[in-house]
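Listed below are the residues making up each chain.
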Amino acid sequence: MILDLLAFLVLAVTAVVTALAALLVRELVHTIVWVALFFVSLAGFYFLVSAPFLGVLQLGVYAGAVTILLLFGVMVTRKRIFAREAATGLGPAPVALALLIVVVLATAASTIPSSTTQVHGYSVDALSAALFGTYGAWLLLLGLVMLPALAGAIYLVREGRE
Amino acid sequence: MSGTLSALFPWAFLVPLAPTLAFVIIGLFGRRMQRLEWGGWVAVGGAFVAMVLGVLIAVGEMLSPGTYSDRSVAWLTLPGNGTGAFPHGFSLVMGTLVDPLSAIMLIVVTVVGFLVMLFSIGYMHRDQGLPRYYAELSLFLASMLGLVLADNLLQFFLFWELVGVCSYFLIGFYYAKPSAASAAKEAFLVTRIGDVLFLLGIFIYFDLFATAGPGAGWAASGFLFVSHGAPFLAGVPVSNATLFTVAGLMMLGGAAGKSAQFPLDVWLPDAMEGPTTVSALIHAATMVAAGVYLLAVVSVFIGFTATDQLLIVAIGGFTTFWAASMALVHRDIKRVIAYSTVSQLGYMVLAVGAGFTMVGLYHLFTHAFFKALLFLAAGAVIHAVETQDLFKMGGLRKSMRITSIGFLIGALSLSGIPPFAGFFSKDDVLGSVYQAAQSHPAYWPFLILAYATVFMTAYYIFRAWFLAFSGDHPRDPTLPHAHEAPWTMTVPIVILSGLAIVAGLLAFVPQFGGLFRAGAGFLPTPGVPPTYTTTSLLLSGLSVGLGLTGILTAYVLWGNGRVFTLAESSAVQPIRRLLLERYYVKAGVDWFGLRVVYTVSRFLAFVDEYIIDGTVHGFERMFSELSTRARRVQSGVVLDYAAYVVVGLAIFLVFLYLVVPAFPALGGG
Amino acid sequence: MTDLPLAAFLGLSAVLLGIGIFGILTRRNFILLLIAIEVAMNAAILNFVVFGAYWGGTPGYGLEGPSIAVVLVGLAATEVAVGLAIVLALNRLRGSINVAEATVLKL
Chain A
1 MILDLLAFLV LAVTAVVTAL AALLVRELVH TIVWVALFFV SLAGFYFLVS APFLGVLQLG
61 VYAGAVTILL LFGVMVTRKR IFAREAATGL GPAPVALALL IVVVLATAAS TIPSSTTQVH
121 GYSVDALSAA LFGTYGAWLL LLGLVMLPAL AGAIYLVREG RE
Chain B
1001 MSGTLSALFP WAFLVPLAPT LAFVIIGLFG RRMQRLEWGG WVAVGGAFVA MVLGVLIAVG
1061 EMLSPGTYSD RSVAWLTLPG NGTGAFPHGF SLVMGTLVDP LSAIMLIVVT VVGFLVMLFS
1121 IGYMHRDQGL PRYYAELSLF LASMLGLVLA DNLLQFFLFW ELVGVCSYFL IGFYYAKPSA
1181 ASAAKEAFLV TRIGDVLFLL GIFIYFDLFA TAGPGAGWAA SGFLFVSHGA PFLAGVPVSN
1241 ATLFTVAGLM MLGGAAGKSA QFPLDVWLPD AMEGPTTVSA LIHAATMVAA GVYLLAVVSV
1301 FIGFTATDQL LIVAIGGFTT FWAASMALVH RDIKRVIAYS TVSQLGYMVL AVGAGFTMVG
1361 LYHLFTHAFF KALLFLAAGA VIHAVETQDL FKMGGLRKSM RITSIGFLIG ALSLSGIPPF
1421 AGFFSKDDVL GSVYQAAQSH PAYWPFLILA YATVFMTAYY IFRAWFLAFS GDHPRDPTLP
1481 HAHEAPWTMT VPIVILSGLA IVAGLLAFVP QFGGLFRAGA GFLPTPGVPP TYTTTSLLLS
1541 GLSVGLGLTG ILTAYVLWGN GRVFTLAESS AVQPIRRLLL ERYYVKAGVD WFGLRVVYTV
1601 SRFLAFVDEY IIDGTVHGFE RMFSELSTRA RRVQSGVVLD YAAYVVVGLA IFLVFLYLVV
1661 PAFPALGGG
Chain C
2001 MTDLPLAAFL GLSAVLLGIG IFGILTRRNF ILLLIAIEVA MNAAILNFVV FGAYWGGTPG
2061 YGLEGPSIAV VLVGLAATEV AVGLAIVLAL NRLRGSINVA EATVLKL
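Residue numbers (the numbering used here), protein chains in the order written: chain A, 1 to 162; chain B, 1001 to 1669; chain C, 2001 to 2107.
Keep in mind that the hints are not guaranteed to be accurate.
Stated by the list, open to error - Okay, the calculated beta carbon distance ranges per label pair:
id, chain 1, residue 1, chain 2, residue 2, range
1, A, L140, B, L1656, 30 to 38 Å
2, C, R2094, A, T107, 41 to 49 Å
3, B, I1651, A, G143, 33 to 41 Å
4, B, F1029, A, G152, 37 to 45 Å
5, B, T1628, C, G2062, 48 to 56 Å
6, C, L2093, A, L150, 15 to 23 Å
7, B, A1074, A, L140, 24 to 32 Å
Derived from the structure by calculation, the hints contain no laboratory data.
Every value quoted in this text rests on a predicted model; they were computed, and no experiment measured them.
Ideal Cβ placement from N, Cα and C applies to all residues, glycine included.
Whole structure, please, built from the sequences with the hints as guidance.
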């Protein structure tokens, strides 16, 4: 119980700090490091709530693939990336807006009755059965979205296009 | 035989359809029909088909009298629920009605229409824009036939308006000529006054019928023509009698507009600006007959109150005299005949008003032929000498023998000399009004005016004849040498001459006369021809004597190329001037239009432009301004769009978690 | 089997979403924008995972939560791929990956 709480606090602090750091540091390569840590801390949460499959997925896809993709993007466009533009001309409005949303959502979250807060585990078998059985259509849809998206991505980066 | 012909009744709709088809064909392909006289022969063909069918149907009606009604096309049906303004509901229908009235009109309209079409081939040969002319003329004829066969007042009104708009087109045929364009507008606007009254009348009738009407029978049977005369009148509650009278007056107003009765008579003489053939059609068969036909239809199917009748008699009687007096002095041959039309229409209205509907229609019937004859003969003269001024003509008798004889027959008929057609019908009109005056003393002044008009009619029409045809040579030597018209023009004149002689006598044929006598369900009408008594013979003698005196006077003053110089002298100058200026009515109308109407219109234009349009434009400017600002939202910068999404999300969340729980009515909780 | 309050996870997710939104609104570097979107998206995925963990498999509830999380992970990966393709194309066309300069959408 205490360990759980401790783990949660550590992970929470890590997640918030790494997320902020990823967005605020001056070096873009550092950003990639911070965002990788952020992804890993989220995977920690997933293990914490007894969802190991999703934790592994998070590590593989986010901390692995997405981070590498981002790093790749940074490297290709590196000539200009070190000159960081000033944030925006929006002033305090983005912060205020973000805070408003956080406050409202947090308020809403606090209204959830505590009696239901008990983690039930579920087996990976059950999840895969659900994914390829009951919710198979979602996976199909995901495939249908990914195929044109990747084709479009290839089209965009193709050489010699005018 | 009779059964065969009455089998045609359901096909009556083909009668107006034939000229409509001609209208469509000429309208679409007229420009390529050079060989068919630019569509002229198509129009003649359409009119011919209409004539054959129309006359066959009329003969069928003679042989098996009765009322055939086809109300198959109900285009609006509202069922009643026993309460409310229209407890029985109502249905608006298009249909055809074949009865003695429409049979008479079918003969008149189709025969005159066909002959005028034929005459046009020769008369209009030299004009430009012939496809337009023939298309419009066909549509004019079709509209009039539709009106004649109309089964209810609403349909009647639709075709009535079509007739009006066609007359506008045709009177303004020479639209490049300012006077023609203005005459067309005048005809349209003046008749429009009548049209509005007519429409108001329909509304009143509709209200009376639908609320006080005889139950389910009324609901199922269409708009009007459900009851025949007195029974309906008797069924109207006393409290509505005033409204009923008003509706009758509205009908009179409509008829006065279309049939050019005082005070809406100004347009008809000016309508002479159109081609003479159009004048012939308007004056004899189509346009002006519609007004009288309307009165006849209403008096037969609905009925007028005594007040209505007195006013109709007054309008008719006064118009006969009023118009004839103006015809006395005019120099334009077409104008003289035009005034005579107004005057003769007065006779018809007089008869209908006095309660002798069929007598009025009888006069309409004979008048159509001799007036068309007069117009076509006048057209032939104008075609030959290229002027309309009587004082330039003269001696045309020798060069235009057929035309001069035709005009003479028409003039004799108009003057009411036996045995020409006009004698019988005019005599009937006068006799029947005399009969009505026995019980309605108020009719007497108008009867006297009508009798005085007989003299004037004979005088002015023979003045025209003597001026144009008698003498040795034209008064104006510069006129082109006149020659007789081509066959397409003389044939209609000859046929109409024949009809102008026999049309009156036709009523003595039992079957044909039967059309004019009381049919089943019709108002009791004294026999036409009338039963001859000593009184009626004396009255006939009086009218014939007056006519002969008129002719003699015309001969003495204008015969053999004489010119009545006293007419130019100063003693009668003021009166002459008054008549030539048409009693200054036209000047008064112009003044009223320019001063009163124009001022009011300018005020209304101000209101429209600055207050109504101002409001509209204000809104327009407001939205234009708003959208100019809103447009900037679409900056094209991706970050801006992201910001909009986030703002939207914030608003949504605030609404969902803060506003909804605060107001349970929104569905929160 | 932890029994931490669900609200704690939800609050954390709200904070992460706020950070993501803050990044979306303030960063002009396209890659940072992508990263901010990923942060916001991960906050959402966290929600699904946590809800699924708390209720998934209990009587009356299916495994929608983790299933959606799987789909979303795939979707997010796809999105990064497309986003980076756009970054590359933009870099080639404009010579800059400043989002504020990517105004070709404007008519």
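Right, here's what the structure says about each hint:
no. : hint                          : in the structure
1   : A/L140 / B/L1656: 30 to 38 Å  : holds, 31 Å
2   : C/R2094 / A/T107: 41 to 49 Å  : holds, 42 Å
3   : B/I1651 / A/G143: 33 to 41 Å  : holds, 35 Å
4   : B/F1029 / A/G152: 37 to 45 Å  : violated, 58 Å
5   : B/T1628 / C/G2062: 48 to 56 Å : holds, 52 Å
6   : C/L2093 / A/L150: 15 to 23 Å  : holds, 21 Å
7   : B/A1074 / A/L140: 24 to 32 Å  : violated, 57 Å
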